[in-house]
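Novice: Throw the hints in and build the complete structure from the sequences for me.
Number of protein chains: 2
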Amino acid sequence: MVFQKDQVRGKLIAVEGLDGSGKSTQIALLKRWLELESCKVVFTEWNSSDLVKSATRRGKKQRLLTPTTFSLIHATDFADRYERQIMPLLRAGYLVLADRYVYTAYARDAVRGCDREWVQSLYSFARQPDITYYFEVPLQVALDRILSGRPQLKFHEAGMDLDLSEDPTESFRIFQGMILEEYERQKKQFGFCVIDGSDLPENQQARMRAALTDRIDLSHYRRKTKVIREGYGKEVLR
Amino acid sequence: MVFQKDQVRGKLIAVEGLDGSGKSTQIALLKRWLELESCKVVFTEWNSSDLVKSATRRGKKQRLLTPTTFSLIHATDFADRYERQIMPLLRAGYLVLADRYVYTAYARDAVRGCDREWVQSLYSFARQPDITYYFEVPLQVALDRILSGRPQLKFHEAGMDLDLSEDPTESFRIFQGMILEEYERQKKQFGFCVIDGSDLPENQQARMRAALTDRIDLSHYRRKTKVIREGYGKEVLR
Chain V
1 MVFQKDQVRG KLIAVEGLDG SGKSTQIALL KRWLELESCK VVFTEWNSSD LVKSATRRGK
61 KQRLLTPTTF SLIHATDFAD RYERQIMPLL RAGYLVLADR YVYTAYARDA VRGCDREWVQ
121 SLYSFARQPD ITYYFEVPLQ VALDRILSGR PQLKFHEAGM DLDLSEDPTE SFRIFQGMIL
181 EEYERQKKQF GFCVIDGSDL PENQQARMRA ALTDRIDLSH YRRKTKVIRE GYGKEVLR
Chain W
1 MVFQKDQVRG KLIAVEGLDG SGKSTQIALL KRWLELESCK VVFTEWNSSD LVKSATRRGK
61 KQRLLTPTTF SLIHATDFAD RYERQIMPLL RAGYLVLADR YVYTAYARDA VRGCDREWVQ
121 SLYSFARQPD ITYYFEVPLQ VALDRILSGR PQLKFHEAGM DLDLSEDPTE SFRIFQGMIL
181 EEYERQKKQF GFCVIDGSDL PENQQARMRA ALTDRIDLSH YRRKTKVIRE GYGKEVLR
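As you go down the protein sequences, you meet chains V and W in turn.
Numbering follows my numbering, in which position 18 of the first sequence is assigned residue number 18; successive positions increment by one, without gaps.
Numbering follows my numbering, in which position 126 of the second sequence is assigned residue number 126; successive positions increment by one, without gaps.
To be clear, the hints were calculated from the coordinates, so they are not data collected in a lab.
Just so it is clear, CB atoms sit at the ideal spot from N, CA and C, and this is done for glycine as well.
Which chain V residues face chain W? A few, computed with CB under 7 Å, are given here: (1) T66; (2) L72; (3) I73; (4) A75; (5) S121.
Specialist: Right, here's the structure in full:
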């Protein structure tokens, strides 16, 4: 059992890809479009639950975590958010847009040395998305987008726990390369809808919308009241 | 993959059974005996790690936890203890005595509605014990031992989250009966060494020691220095 199969009225739409692949921008644009189409839509991000945040923070800081514990803490965090936020909204008939989903965990945990089947089984309480957009970009493009801002990379974000390099930037490069390999492996297994993240942003968005309307009948998700543009881009519910 | 199979020098010995089955007394006696046999032995209890204790407490208090989240929090707690305490001791060649092990989680989580296979896979990072003693007592005997002390049963301890009864004592009775059914189911599947928890304590202990020496050559676990009784039961390392 890799995914939960309960029937729900809503639809789950996920984006996956490397940091710097452009997925977050594109999902924000998709959300805006769906709102203007008067659809019931909500957005959710990876790793935003409060319940175990303190435990994760504390463990990360003390660098005490093994790959298994690290994986389980994130799974707990996700499960809490999934069951108290995502599932109720899906049951209530919403289009739920997720910036990163279980595939992010599959990739990160596998790179850290967890057994792939174990991780997939761990997350099997969650539904498979109705569409998973995978933003494919060459590694160097994604790295350039992130590293050009000269960011202060965090310990785990840079994959420093993997002892790949003592230099955080170099560690991040190697780590992202390993994540990319995991995504490539997943791409076929899970039937991702591949978006070329090097293409023009408007082309990416057009492709996302086409794939969405192809698979989901939006008329089932429209509010009875309509969002109407009024004057200078203001919108009101009618 | 239900259990991890890495080779280690140490041995893992677990006790399982209902609250009130007498297992904790018997494992304490076994530990004392092994110490007097000059063996390298340590004791570990279920649910004693600090890492996610605050999360568990907070979640329990707010009664926010679904069965999946509840299960994952306990698995995280156990994984932390397992990888930072149990495994290093097993690698270092200790006899590790565990008061409750993954079977406790299998039973509790199944009763709360988690899929049995999912829970077993969740804990598959852990080793199967070299011996698991299962303390079998009639439900009423175990209940009488616990309830005669007129305890203040805690919310989850009494299984109140399962809505079995509004009365904590009655809820506890039903809950323990359900746990017992899970243990009975596990008994054969995992080849427990069954101890009759209604028998005389000295007979139980004798049976445990016989099963232990039958399966484990204690000479591999003896310290080079000996613990010697001196005077009024004092012991010193020589």
